[in-house]
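> Below, each chain spelled out in residue letters.
Protein chains: 2
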Amino acid sequence: MKIQDLKTPALILDYDILEENIKRMQQKADENNVKLRPHIKTHKCTEIARLQVKSGAIGITSSTIQEVYSFAHAGFSDITWAFPFNPAYLEEVFSILKKINLGLLIDSIEAFEIIENKSKSTGIKPAIWLEIDSGQHRSGIDFTSKNAQELANRILKSKHINFVGLLTHAGHAYNAQSVEEVKKIAFEEQEIILNAKEILFNGLPINASIGSTPTISLADQIKNIDEIRPGNYVFYDYSQVLLGSCKVEDCALSVLSTIVSINKQANRLIIDAGALSLSKDTGPPQFKNYSSYGMIHTDLFSKNINQNLRITNLTQEHGIIACSDESSVIERYKYGDKVRILMNHSCLTTSLFDFYYVVSGDKVIDRWEILRGRNLSK
Amino acid sequence: MKIQDLKTPALILDYDILEENIKRMQQKADENNVKLRPHIKTHKCTEIARLQVKSGAIGITSSTIQEVYSFAHAGFSDITWAFPFNPAYLEEVFSILKKINLGLLIDSIEAFEIIENKSKSTGIKPAIWLEIDSGQHRSGIDFTSKNAQELANRILKSKHINFVGLLTHAGHAYNAQSVEEVKKIAFEEQEIILNAKEILFNGLPINASIGSTPTISLADQIKNIDEIRPGNYVFYDYSQVLLGSCKVEDCALSVLSTIVSINKQANRLIIDAGALSLSKDTGPPQFKNYSSYGMIHTDLFSKNINQNLRITNLTQEHGIIACSDESSVIERYKYGDKVRILMNHSCLTTSLFDFYYVVSGDKVIDRWEILRGRNLSK
Numbered sequence: 001m002k003i004q005d006l007k008t009p010a011l012i013l014d015y016d017i018l019e020e021n022i023k024r025m026q027q028k029a030d031e032n033n034v035k036l037r038p039h040i041k042t043h044k045c046t047e048i049a050r051l052q053v054k055s056g057a058i059g060i061t062s063s064t065i066q067e068v069y070s071f072a073h074a075g076f077s078d079i080t081w082a083f084p085f086n087p088a089y090l091e092e093v094f095s096i097l098k099k100i101n102l103g104l105l106i107d108s109i110e111a112f113e114i115i116e117n118k119s120k121s122t123g124i125k126p127a128i129w130l131e132i133d134s135g136q137h138r139s140g141i142d143f144t145s146k147n148a149q150e151l152a153n154r155i156l157k158s159k160h161i162n163f164v165g166l167l168t169h170a171g172h173a174y175n176a177q178s179v180e181e182v183k184k185i186a187f188e189e190q191e192i193i194l195n196a197k198e199i200l201f202n203g204l205p206i207n208a209s210i211g212s213t214p215t216i217s218l219a220d221q222i223k224n225i226d227e228i229r230p231g232n233y234v235f236y237d238y239s240q241v242l243l244g245s246c247k248v249e250d251c252a253l254s255v256l257s258t259i260v261s262i263n264k265q266a267n268r269l270i271i272d273a274g275a276l277s278l279s280k281d282t283g284p285p286q287f288k289n290y291s292s293y294g295m296i297h298t299d300l301f302s303k304n305i306n307q308n309l310r311i312t313n314l315t316q317e318h319g320i321i322a323c324s325d326e327s328s329v330i331e332r333y334k335y336g337d338k339v340r341i342l343m344n345h346s347c348l349t350t351s352l353f354d355f356y357y358v359v360s361g362d363k364v365i366d367r368w369e370i371l372r373g374r375n376l377s378k
Numbered sequence: 001m002k003i004q005d006l007k008t009p010a011l012i013l014d015y016d017i018l019e020e021n022i023k024r025m026q027q028k029a030d031e032n033n034v035k036l037r038p039h040i041k042t043h044k045c046t047e048i049a050r051l052q053v054k055s056g057a058i059g060i061t062s063s064t065i066q067e068v069y070s071f072a073h074a075g076f077s078d079i080t081w082a083f084p085f086n087p088a089y090l091e092e093v094f095s096i097l098k099k100i101n102l103g104l105l106i107d108s109i110e111a112f113e114i115i116e117n118k119s120k121s122t123g124i125k126p127a128i129w130l131e132i133d134s135g136q137h138r139s140g141i142d143f144t145s146k147n148a149q150e151l152a153n154r155i156l157k158s159k160h161i162n163f164v165g166l167l168t169h170a171g172h173a174y175n176a177q178s179v180e181e182v183k184k185i186a187f188e189e190q191e192i193i194l195n196a197k198e199i200l201f202n203g204l205p206i207n208a209s210i211g212s213t214p215t216i217s218l219a220d221q222i223k224n225i226d227e228i229r230p231g232n233y234v235f236y237d238y239s240q241v242l243l244g245s246c247k248v249e250d251c252a253l254s255v256l257s258t259i260v261s262i263n264k265q266a267n268r269l270i271i272d273a274g275a276l277s278l279s280k281d282t283g284p285p286q287f288k289n290y291s292s293y294g295m296i297h298t299d300l301f302s303k304n305i306n307q308n309l310r311i312t313n314l315t316q317e318h319g320i321i322a323c324s325d326e327s328s329v330i331e332r333y334k335y336g337d338k339v340r341i342l343m344n345h346s347c348l349t350t351s352l353f354d355f356y357y358v359v360s361g362d363k364v365i366d367r368w369e370i371l372r373g374r375n376l377s378k
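Protein sequence lines correspond, in order, to chains F and R. Here the first sequence is numbered in this note's numbering, starting from 1 and rising by one per residue. Here the second sequence is numbered in this note's numbering, starting from 1 and rising by one per residue.
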């Protein structure tokens with residue numbers, strides 16, 4: 001089967017680019033002497049995680065307990081649940097801990113105490129990461145605060161947990177205005193976690209783990225860090241192109257869509273990829289000249305983007321492509337034609353589909369399942 | 001089980017409000033002597049569609065061919081696929097037409113010809129709706145255009161299709177600044193489709209079908225219209241509250257989430273409902289004082305919203321709640337507490353979950369599946 005024969009909307013994954021992205025990130029990790037524990041929240045796909053492990057990844061990172069379940073069931077035995085520990089899942093977590101090596105994140109004494117009590121009563125020692133805020137101000141503790149020192153002291157004294165290290169995610173790199181600013185944030189991300197290690201733990205030989213595809217992709221060097229956890233790099237997307245983390249030709253994922261209506265007067269195409277195919281993510285807001293729900297490739301097989309076309313609006317299943325060129329690029333398209341869309345945010349787009357259609361060149365070579373289930377019982 | 005015992009993030013559906021919303025819309029249809037064909041893209045749930053049919057709905061409206069498959073399989077035999085016909089699914093559509101009464105939408109001669117040719121060769125006559133643009137300028141034909149008259153003539157001459165009427169959706173009502181403006185759009189929606197009937201078809205006794213929850217909810221009267229197709233009304237959401245289509249206490253759907261991290265210094269709560277629970281829909285952009293990814297109920301059982309709290313940012317699985325009140329409402333919350341969120345857009349939120357937890361008062365009384373599959377083979 002060829003790409004143009006796929007029913008739409010379809011999620012297309014370019015195998016060759018995927019393989020190259022996995023290889024390049026592993027090389028970066030190897031050259032900098034850090035372990036790679038890729039975040040699988042981007043792809044939610046066991047085939048891709050296996051390619052990452054085969055290439056040298058030491059384990060995986062996940063964002064939800066449902067993903068932990070799915071990947072543990074598929075045979076992955078070393079997983080970090082990189083989300084502040086949710087006490088509602090205490091029983092489930094300790095049940096999984098009997099089977100696999102599961103890392104947990106805490107950033108409060110309350111979370112620490114709940115886990116420590118359970119560890120004490122069960123004799124099971126979970127691997128604990130202390131999350132540090134390196135500037136995103138989402139979760140993670142301010143390492144200069146009194147709370148942080150108190151928590152560090154409690155962690156050091158505990159005999160019931162297995163403290164493995166400090167972890168951070170410089171998610172504010174997604175708000176950077178330039179490559180230089182991303183590089184600066186990347187430098188600070190490493191600095192802050194190393195400072196936290198020094199100040200809170202007197203330089204004890206514990207692990208330092210950092211994340212974020214932009215910071216890892218653009219960091220000039222990674223020094224004295226033990227582990228990196230980028231996720232998005234397997235696919236990249238148009239937001240990463242705008243941030244400078246990658247080029248259009250490094251983007252492995254796209255959505256194939258069909259033109260179902262044409263309004264020539266308004267210079268508009270209507271396609272069958274709406275908010276439930278692309279997500280409502282409008283990309284990095286700091287790039288003011290850019291405002292769209294996704295970009296259109298010049299043709300089905302090209303790595304180039306047509307800058308005259310923009311997806312200007314999405315409703316649930318309809319996408320509206322407007323043309324900014326007075327010579328009307330829209331004249332080139334007809335009812336039933338297919339277009340290939342580079343999405344703003346590959347992680348959110350993936351979560352809306354059941355399968356990847358894996359392609360090499362113009363050939364569809366496989367179909368891989370996306371484990372997007374949101375329920376533990378599924 | 002009680003609401004507070006649910007694992008989070010969980011999608012909660014208030015059965016009593018749902019029942020009331022279904023009853024009220026059916027009453028509106030009955031009083032105005034129009035048939036109700038509810039759009040099931042909002043809920044994707046056979047239990048809810050059955051309640052609608054039991055209450056008097058004459059059939060259902062769906063947005064994708066996958067939904068048509070799912071609901072036909074579940075026993076629904078009268079479905080309108082309210083999306084511009086996608087020629088890639090020609091074989092599938094004619095296969096379903098052998099089993100159920102399926103309505104198709106066209107707005108171009110190209111679509112008409114593809115369907116007519118297939119009808120001719122198979123002897124199967126699909127029900128055809130001509131989509132009219134009543135001001136949204138998405139899909140649908142401008143009834144004053146030459147193209148529209150040509151298409152109408154072709155439709156009238158054809159012996160191979162079963163032309164059933166004109167259909168429109170005044171989706172631009174979602175951009176209205178006030179209730180008065182929605183009412184004006186509702187009036188125009190009815191006017192335009194009746195004018196189109198008169199001009200294109202000389203007032204032939206064909207059906208006129210209109211859509212959109214805001215226009216139907218707020219229309220003072222519905223006159224000479226045969227069918228309405230609102231969808232969102234079963235749940236409503238915070239966007240509909242802002243538009244004036246409903247009150248907060250009419251909203252049947254919410255997301256239950258857990259506080260997993262607290263930043264007291266920044267007056268912020270971090271919850272386990274991110275973009276993959278709430279969607280990135282920021283609500284109607286015309287309400288400038290309002291900017292959020294969802295609102296928080298004052299407590300788990302109240303119908304009131306806490307106006308001092310806003311979800312100011314979402315990443316994939318994290319939600320950030322900021323507090324605008326200097327007296328710090330956040331002081332009232334502690335790690336592990338649950339919050340109930342009124343989402344901006346219930347249709348997009350639903351599409352991210354596998355199940356509704358159906359509640360009555362504080363009791364969980366059932367769990368209904370959401371048919372969110374995006375693939376025909378599933």
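These are calculated hints, taken from the structure and not from any lab test. Even for Gly, the Cβ is constructed at its ideal location relative to N, Cα and C. Misleading hints may appear alongside valid ones.
[As the list claims (entries may be wrong)] Interface residues of chain F toward chain R, partial, derived using beta-carbon atoms under 10 Å:
#1 Ile141
#2 Lys280
#3 Asn375
> All hints, please: hold or fail.
Okay, the hints, checked on the actual structure:
Because the closest C-beta pair between F/Ile141 and chain R is about 9 Å apart, less than 10 Å, the hint holds. With a least beta-carbon distance of about 4 Å to chain R, the hint placing F/Lys280 at the interface is held under the 10 Å criterion. At a threshold of 10 Å, the smallest CB-CB gap from F/Asn375 to chain R is about 5 Å, leaving the interface hint in force.
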